[in-house]
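Asks: Spelled out from the first residue to the last, the chains are:
2 protein chains.
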Amino acid sequence: MNIHAPVTLDVLNRLKEAAGPGGWLEGADTEPYSVSWRDNWVGKTPLVLRPDTTQKVADIVRICAETGTLLVPQGGNTGLTGGGQPRISGDEVVLSMSRMRKVREVDPLNDTITVEAGVTLLEVQQQAAEVNRLFPLSLAAEGTCQIGGNLATNAGGVQVLRYGNARALCLGLEVVTADGEIWDGIRGLRKDNAGYDMKQIFIGSEGTLGIITAATLRLFPRPVDRAVALVAVPSPTAAVELLARLRGSLGELLSAFELMNENTFIFANQAMGHADPLPGAGWRVLLQADGPESEPPLSERVEAALGAVLEDGLITDAVIASSEAQAAALWRIREEQAEIQQRIGAGVKHDVSVPVSSIDAFVAEADAALRAVYPGIRQCTFGHAGDGNLHYNPIRPEDWTDAAWKAETDAVNRIVHDIVMKYRGSITAEHGVGRLRRDELLRARSPIELKLMRTLKKAFDPKGILNPGKVLPD
Amino acid sequence: MNIHAPVTLDVLNRLKEAAGPGGWLEGADTEPYSVSWRDNWVGKTPLVLRPDTTQKVADIVRICAETGTLLVPQGGNTGLTGGGQPRISGDEVVLSMSRMRKVREVDPLNDTITVEAGVTLLEVQQQAAEVNRLFPLSLAAEGTCQIGGNLATNAGGVQVLRYGNARALCLGLEVVTADGEIWDGIRGLRKDNAGYDMKQIFIGSEGTLGIITAATLRLFPRPVDRAVALVAVPSPTAAVELLARLRGSLGELLSAFELMNENTFIFANQAMGHADPLPGAGWRVLLQADGPESEPPLSERVEAALGAVLEDGLITDAVIASSEAQAAALWRIREEQAEIQQRIGAGVKHDVSVPVSSIDAFVAEADAALRAVYPGIRQCTFGHAGDGNLHYNPIRPEDWTDAAWKAETDAVNRIVHDIVMKYRGSITAEHGVGRLRRDELLRARSPIELKLMRTLKKAFDPKGILNPGKVLPD
Chain D
1 MNIHAPVTLD VLNRLKEAAG PGGWLEGADT EPYSVSWRDN WVGKTPLVLR PDTTQKVADI
61 VRICAETGTL LVPQGGNTGL TGGGQPRISG DEVVLSMSRM RKVREVDPLN DTITVEAGVT
121 LLEVQQQAAE VNRLFPLSLA AEGTCQIGGN LATNAGGVQV LRYGNARALC LGLEVVTADG
181 EIWDGIRGLR KDNAGYDMKQ IFIGSEGTLG IITAATLRLF PRPVDRAVAL VAVPSPTAAV
241 ELLARLRGSL GELLSAFELM NENTFIFANQ AMGHADPLPG AGWRVLLQAD GPESEPPLSE
301 RVEAALGAVL EDGLITDAVI ASSEAQAAAL WRIREEQAEI QQRIGAGVKH DVSVPVSSID
361 AFVAEADAAL RAVYPGIRQC TFGHAGDGNL HYNPIRPEDW TDAAWKAETD AVNRIVHDIV
421 MKYRGSITAE HGVGRLRRDE LLRARSPIEL KLMRTLKKAF DPKGILNPGK VLPD
Chain F
1 MNIHAPVTLD VLNRLKEAAG PGGWLEGADT EPYSVSWRDN WVGKTPLVLR PDTTQKVADI
61 VRICAETGTL LVPQGGNTGL TGGGQPRISG DEVVLSMSRM RKVREVDPLN DTITVEAGVT
121 LLEVQQQAAE VNRLFPLSLA AEGTCQIGGN LATNAGGVQV LRYGNARALC LGLEVVTADG
181 EIWDGIRGLR KDNAGYDMKQ IFIGSEGTLG IITAATLRLF PRPVDRAVAL VAVPSPTAAV
241 ELLARLRGSL GELLSAFELM NENTFIFANQ AMGHADPLPG AGWRVLLQAD GPESEPPLSE
301 RVEAALGAVL EDGLITDAVI ASSEAQAAAL WRIREEQAEI QQRIGAGVKH DVSVPVSSID
361 AFVAEADAAL RAVYPGIRQC TFGHAGDGNL HYNPIRPEDW TDAAWKAETD AVNRIVHDIV
421 MKYRGSITAE HGVGRLRRDE LLRARSPIEL KLMRTLKKAF DPKGILNPGK VLPD
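If you read the protein sequences in the order shown, they are chains D and F. If you read the first sequence in the UniProt record's numbering, its first letter stands for residue 1, the second for the next number, and so on. If you read the second sequence in the UniProt record's numbering, its first letter stands for residue 1, the second for the next number, and so on.
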């Protein structure tokens, strides 16, 4: 980390003026913007800017570029990698997008919506529903996270299998560049090869290459029929084969396919009292299909499809939800895993991906490697198996303290990530790099790939003022 | 265009040596690599290099970087914009990827295939079919075009509506950078946020930022049931409303939705003798649904869906193919449009996109604007309405010569593209820029967007040796 001089009073005043009345916070009011909600990233900032127009964002960035002031863009502050908070040095100004809240256009015939960066994900979903459309990005923080942050981190979630991640859902962007110019790339086009596709540069760049101020997003037909099932599988391999079979019989209707190990159910029962619908069943898959109204209804089609694979021994048992309440109860066990695991004991969390065909080998090898060093760990493995994305979370042995286990974080990461790399996987599948994975990234990606990344950073933020020290070291 | 010295004999010899025995052509053998198959782009080159390994590609690029030798990468040479041929100056060496033909891996459980750049699109489709999977990219040149070129131009085709364009189908890339280094970004991951997504830089960059040597591509369940229908609609607006309705009832099963004006059928009859299944019907939509085996079969579901919209007046007539032969006959009228129109007379071809909701307004305005200047033109309008992508081709008035109409190309382009821009559309939706749309691109995109594009070019090809003068002026 480079050492910078504190931001001068003169610069702070210029920035306040650019943000306009009501457009900034200082002192104690900046604290909520300086800490993360998880993992305790604590920072400090002399000023939180809250502009409400793209022009004001551009004015702010221009002042920062001119004065070499470091800027940390922030959405809903729900990230999990320390990518959205200022560092403790106190020499960084926070640019909160939370007042950029306009829904600029809803075009149901074009299946698009154009919103400003500060609109929450939930609001985008609701706006879509109002015109009988679906915006399929869905994740736990959706009531708080903002679409600008979702795009800046290329957010994932449970429906990537069917609809793709945030990148795949974005057709157009408005961006303030690192020198404070406004690029109007707002377009609602499904096909556009008129030169380099510049929006790809900014999506997933975690605010280090430009500031996303607005976006045009894809909408989809709103499904009206839904089927949810929990099935028991003899192994992760069987789950993967099940996935291939179900995609063959249900096609794109299959919208979620979540692999969960037995501990996730045992702990859900211990921590929350949730009944296990398939006690003693080992690995499970929670799956969902969504589609248009059809005869027979989807639940019957899912039942028929599962019946066929039961005969082949790919699954050993199954429960199909017969009501919305049952479906919700099944999903609750998956959705509450963060809290469930927290109650069981400290965990070292991983957000990895491997080829779907390597899930089994990865899990077996990582489990064995960790157990060899840490007998007694309690492994929680769950995630979006359809995307090869596992939240692989070893929880401390029962007789360890939380603190002792936390102290092993780097060592545990190293063991797990080495095996991820062996399978050409990713050490951060959906949460991004931020600060949490920055040093591991230097190990995980080749020198040439890192050089290409630095080339990109240098080209689009030559002064290094945008979210310094995130993704790459500054 | 900058003036360069001819490539010296010494450099030519070094390049030949790097390409290895059988790895280069010169003299008359270079001619097929120097001209385009359409629109008569004619160039000249002293040497065509045909390396058969990534290492040899890297060796070649390194020599070019060191000596400032200009390099034109080429796939199957089926492009429509003059992007793959050397210029007439004769100072550019051609790098043909046609001997990079290995299928490196097929992983049906991961739904991926990894192939080298010179494998044809048809071969990729066939390899996928062999493991009961679908590779959905499909376009007229598929027997000749190569996957490297498809990715370099972000190819589209008829199934983008459902599966996305080439960019959406690519999970990993191997690239030789402009300084001759090999970036191994071959990965089969659906989710990967470990740093900047570098493959996005190279996809769609038309060989101007790096050389794609191999790629990992997404595969899909192979549909087994298909329904094809031709419907008559009162207007393009009705077609767009029909699209929304059918996506509601058929969901992602709808895989093609091609809008065609009446002339495309009249001329198909005049030029080829193809019978018009709905004579006198005005605008038509050729649509296709594909899916897994289901009860009732897809054709019945499509029939039911069309019955519902017929009652509402959204469509006025419909033919549902009752056999594979009938389906093929319907598709033939769409697929042979290039040849059909050529037989009718010279046309000025456009490959534009607008928001789907603006198709009607765009067509009305462009038709009127052209007719005001050129009474008697015969308008052929057809294309992928589901993506807002129209091939909008005015054919010369009957009493004009081909040459006279060709001479109007720039003026016609200007009229059409101005209206495209008014609707925030794209002047090149799927064919790319190459040389054909390069000068119009400078009008179509804002100075800031062009500056961002130049920043990217400068960062990744600082010496300007890769496909100079394509996409952007050199």
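Do not take every clue at face value.
Copies of the same chain are indistinguishable here, so a pair counts whether it falls within one copy or spans any two.
Calculated lysine-lysine pairs in the DSS-like style (CA-CA distance at most 27 Å, straight line) [stated by the list, open to error]:
(1) 16 with 102
(2) 458 with 56
(3) 451 with 56
(4) 458 with 102
(5) 406 with 102
(6) 451 with 463
(7) 16 with 44
(8) 422 with 463
(9) 463 with 406
(10) 422 with 458
(11) 102 with 422
(12) 44 with 451
(13) 16 with 422
(14) 16 with 451
(15) 406 with 458
(16) 16 with 463
(17) 406 with 56
(18) 102 with 463
(19) 102 with 44
(20) 463 with 56
(21) 406 with 16
(22) 451 with 406
Honestly, the hints are just simulated from the structure, not real lab data.
Asks: So which of the earlier hints does this model not fit?
Replies: Structure breaks hints 4, 5, 8, 9, 10, 12, 13, 14, 15, 17, 18, 19, 21, 22.
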